[in-house]
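A.B. asks: If you follow the hints, you should be able to join the two separate chains into one complex; please do so.
Chains as they are written, first to last, in the UniProt record's numbering: chain B, 1 to 275; chain E, 1 to 439.
Everything labelled a hint here was simulated from the structure, so no lab data went into it.
Built from N, CA and C at the ideal position, the CB exists for glycine as well.
The reader is advised that the hints may include incorrect statements.
In silico negatives: residues of chain B with every beta carbon more than 10 angstroms from chain E [unchecked claim]:
(1) Q158
(2) G160
(3) Y225
(4) A251
Quick list of the computed label-pair ranges, beta carbon to beta carbon [what the hints assert, rightly or not]:
(5) E/G238 x B/V159: 16 to 26 angstroms
(6) B/G114 x E/R16: 31 to 41 angstroms
(7) B/L227 x E/D117: 51 to 61 angstroms
(8) B/L24 x E/E341: 42 to 52 angstroms
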Amino acid sequence: MAGPVSVAAEYLAGSRARAARTVLGQVVLPGEELLLPEQEDAEGPGGAGERPLSLNAGARSRVRVVCGPGLRRCGDRLLVTKCGRLRHKEPGSGSGGGVYWVDSQQKRYVPVKGDHVIGIVTAKSGDIFKVDVGGSEPASLSYLSFEGATKRNRPNVQVGDLIYGQFVVANKDMEPEMVCIDSCGRANGMGVIGQDGLLFKVTLGLIRKLLAPDCEIIQEVGKLYPLEIVFGMNGRIWVKAKTIQQTLILANILEACEHMTSDQRKQIFSRLAES
Amino acid sequence: MKETPLSNCERRFLLRAIEEKKRLDGRQTYDYRNIRISFGTDYGCCMVELGKTRVLGQVSCELVSPKLNRATEGILFFNLELSQMAAPAFEPGRQSDLLVKLNRLLERCLRNSKCIDTESLCVVAGEKVWQIRVDLHLLNHDGNIIDAASIAAIVALCHFRRPDVSVQGDEITLYTPEERDPVPLSIHHMPICVSFAFFQQGTYLLVDPNEREERVMDGLLVIAMNKHREICTIQSSGGIMLLKDQVLRCSKITGVKVAEITELILKALENDQKVRKEGGKFGFAESIANQRITAFKMEKAPIDTSDVEEKAEEIIAEAEPPSEVVSTPVLWTPGTAQIGEGVENSWGDLEDSEKEDDEGGGDEAIILDSIKMDTGVEVSDIGSQDAPIILSDSEEEEMIILEPDKNPKKIRTQTTSAKQEKAPSKKPVKRRKKKRAAN
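Only chain E is shown next, with the shape it has when bound in the complex (with noise of 0.2 angstroms):
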């Protein structure tokens, strides 16, 4: 779809609101909107909400062979991609632009700044090193892409755990995080970016702006830093001339609000790591609230509940008693009854595939099942029989036969002997293949 335009209605409001230090959801020029940080069950998985903007990250590792220049070591692979849930404007032809602008800026940020020690993930040298890579994914785009991935990446980074290795000689094992515990990545600093909106030619700055603002801006300067106030990546684009103290200006403000998101960040690294010690529910279901529309909302409406005892009695008083359901069971010979129709009779099937028949077992005890509801037999007082019934899982259980002067309502189960005699009656071996499927 095409991006709604925007009117110059639109722009003009907006400009004068800036020239007036105001903007639209009430925020100062150098606040940021809120910040959320949500991690998932896996380790790695982390979901970034800056106001609106939501961005999802993942991280995954792989052993594989190191490049040929760089044989010591490990793989660094950042991908950031543009859901079309984002915004309606994202296509899968159409975002190239935005696209290639944003890797390139997280990579930049995250590669070349060394925060991975890479030289740790290398298992054998020239043979065997991780392969560490880490996917973004914007789920709502409302302004300030870069940011919120940026911040998304090196969250999942840090919150991420890789298999245990040992080497010895020639052997690699590789520990399941059964046997061993998985061990983090090995990061040296957290660079975070944080982007500078330009308007009437550099005249006044945003601090993170929103999609609207985006819109109507100059030109962008991001700057990433980490907390240590080195600064990993600048880049100014839209083409303005920016002077040397407004760079100044905005490097000490980022140096400002990198401290804070940091801080932000190894909180919420350490709430996740806390619960899941403590054995606490974690992972997205906890952590993401519920949003609900009150729009269509009824009041609650007080209900006077005095005279239901009343009612409910007179109700029962006058319904009629249920009918009782007689079953008349049919006897063949002594010691085979049957009580209501069964299914088909299908015993030449039976004795071939019973053997291999264990999965189909089960789906056919529940519908055998089902049907012997409808017969109304009572197949809960198994303990008033004498005979012991053995429930096992073995398929040379044994049979045992009822005495047939006893009460021809329960069921009798057969023994493989008897399973020649012409019975009619599907329901013995009903009660067998139920007895597997209760267990």
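One chain only, chain B, in its complex shape (with noise of 0.2 angstroms):
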């Protein structure tokens, strides 16, 4: 299996193969094949893109890197699926070679497991919601995963709720499940999401850019005034502040970050303290 991919992606590279070290940062298309660290050490000066696999591959120590999305795994090398910047973050605890990943961008929302998504009730069918989560299909979520809910206690969901829970089940193979328990059975914050404030809907990459830690946008956001604020991983944002005034000023500044550089940004904001 990884032999005639392997031979494809080479074919396709067209030029030879990188090192992920190099390219940290930069923009990669798909298609491009990268080499890891272990592997940069074999290949030796001159030595050209093709390389036959050894048989004896298992024997050379392998530091365990974990592929992120917009990588494959092909062969030995790393191939792009992608396109935008390489990143990669050391590991913590010091096991294994660290996450790759491709930064792009991206405005449809794909379900991936584990993600803390918000989504609209659609339908009640018997035991089950359908909620709708911006992928291809919507997204099943029983009566029975919410913090407290038992067979007599039934939650008070109606449709066109909105609903902040993680996926349990997302492949391309089946339809999505989610949940609104954690695995110790509490809420954590998952549930039915209030009945004011406004949902609108963001690319993929400023959620990704305001949910890192130590975000400014959002430090700046709450000093302006207070305010409750959900993130949904496919996009969607629900905000709510004291007065429909200021829900909307906020949901119009986090849709123009996407555009604006920091300083226009910081202008912004004092300007709005201000007033």
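C.D. replies: Below, the structure is given as structure tokens:
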């Protein structure tokens, strides 16, 4: 299986495969091949890109590298499947070789297991709710997957309500399933989202940026006025502030953050803080 | 794909915001979104952006026989298409209701108002008339398709130029754009649709509803008017009960809006006319700005270039000099030398197919050129030869033989008589083909 795939990939690559370390932070295109660090040493000077797969490949010491979104394992190398910037994160505890992934821009969401998303209930049928999460199929949510729910004590969920939950099953062959409790059985912030507030949609890249630790935008927004905010990895954001005007301002700021540089953002925030 | 359902939360929020006279993007109740009109390179091609809603309009014309009961009038044909890229919910089979409604409204607005003089489209009564076809494509749906479509239609019609025709007795002469300037259509007035969305059983109204506002509205009122304050079409849908004074108020607002939009259209047409006359650049490539994503932008990093020169010199000094390429020509017979291997000898095919191989000659020359590069032959020193080389396209160009005791590196060309010589080198013929490609 790996054999023909790697041959095909080499054909596509055309040029020499580059070391992943050298391309960090640069734009990569689908079809490119990247060499992992331990493979570069074995290359030798002047080695051509094509290297036959050695039979004693297992004898080499392997570092466990995690292949994130936008990358796929192809033989011994990483094959890029999305265009964007290559990123790397060092391992925290020292074992393994870290994570590599490609930062790309996208608006259409594909369900991924473990993601926390905001869904809209579209139908109630028997014991399950059908929830629209922006993917190709509506996800199913059982009424028992809420904190404190039993057969007698059903949760109060109507059609059209907003749900914050996470996926337990999400792959391309099955209908996605989500739950509103974590593995300990506690809600942990998930469940039905309150009545008021505004829901709007942004790109997936912006959500990831806002959810990164120490995000400046969130800190600055928090200084403006008290607010409640929920981020769904499917590009949906729910926002609530004291008045409608404030909520609208927040929504517009977050939507505009995509295309603004940090200077422009600081200007806007300072103007808002004054008024 | 099914449309994303509207959550209760959004619906409630939007209605409350409208009660407080607030709109999602900060507009006032009677405000329109930004209208941008850009023109393509062809006459009659335009794109209208109403906020994020985009409509592309294209007008074309054709000479046809007229309808039997209207022998002296031209034919108008309008078509609005909802492209699948406009919204995920638009699929080839699914959009029929909305599509029919929009098409009917557009036709009533433009055809029944007689904004275009169809009598002027007649070329020969009963035999040949112009058929004008307006094709509109919705490229992005962010609410209020009908307004954007009507603006696009009328702008495209005003921008369009049809070929000039002259009739002499029985002869009809159709002039190409090079012979005679194309002629604009005769347009009496410009009807423009303005939409009003009603909420809470007609209590609140909004002009130019957004896509979200359209989802929560109770009913829609569309008034088509021209700048002379003549109403061309009125349509009320959604089943709401409107009072007389509400409709009158809406028509007053429409008058004001239509005047503004007509002014904008005339200015855009004038600008485009001016640019074309002055010979400047026009078309979509110039007028549509590139959108940039700055989310992952890297700041410019200052680089210290003070020691670049020294470093460069060091590198050059340490590097080895490039190896000399020495070509060793093989002398086959006096006057024929071979440098390098060349491609496989195909003398036989070449003689037969040479006359008709003009098209293939170009490709061949390119392939042969690259092979020539590998052998390191200097082609550029033609000028240093004594014998003149004639660069011409003619098949029968004279071939010149170089003196054998000259520098064998230079390539020689061969006369047609010398072709019979069993020269393994294809170089001379390569040279010849290259001349043709170079010309």
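A.B. asks: Each hint: holds or not?
C.D. replies: Hint check:
1. Q158: Nearest chain E Cβ is 7 angstroms from B/Q158, so the label is violated.
2. G160: At about 4 angstroms from chain E, B/G160 fails to clear the 10 angstroms cut-off, so the statement is violated.
3. Y225: holds, 16 angstroms
4. A251: Violated, since 7 angstroms does not exceed 10 angstroms.
5. E/G238 x B/V159: 16 to 26 angstroms: holds, 23 angstroms
6. B/G114 x E/R16: 31 to 41 angstroms: Holds, at about 35 angstroms.
7. B/L227 x E/D117: 51 to 61 angstroms: The hint (51 to 61 angstroms, Cβ to Cβ) holds, given that B/L227 and E/D117 are roughly 59 angstroms apart.
8. B/L24 x E/E341: 42 to 52 angstroms: holds, 45 angstroms
In summary, the numbered hints that this structure violates are 1, 2 and 4.
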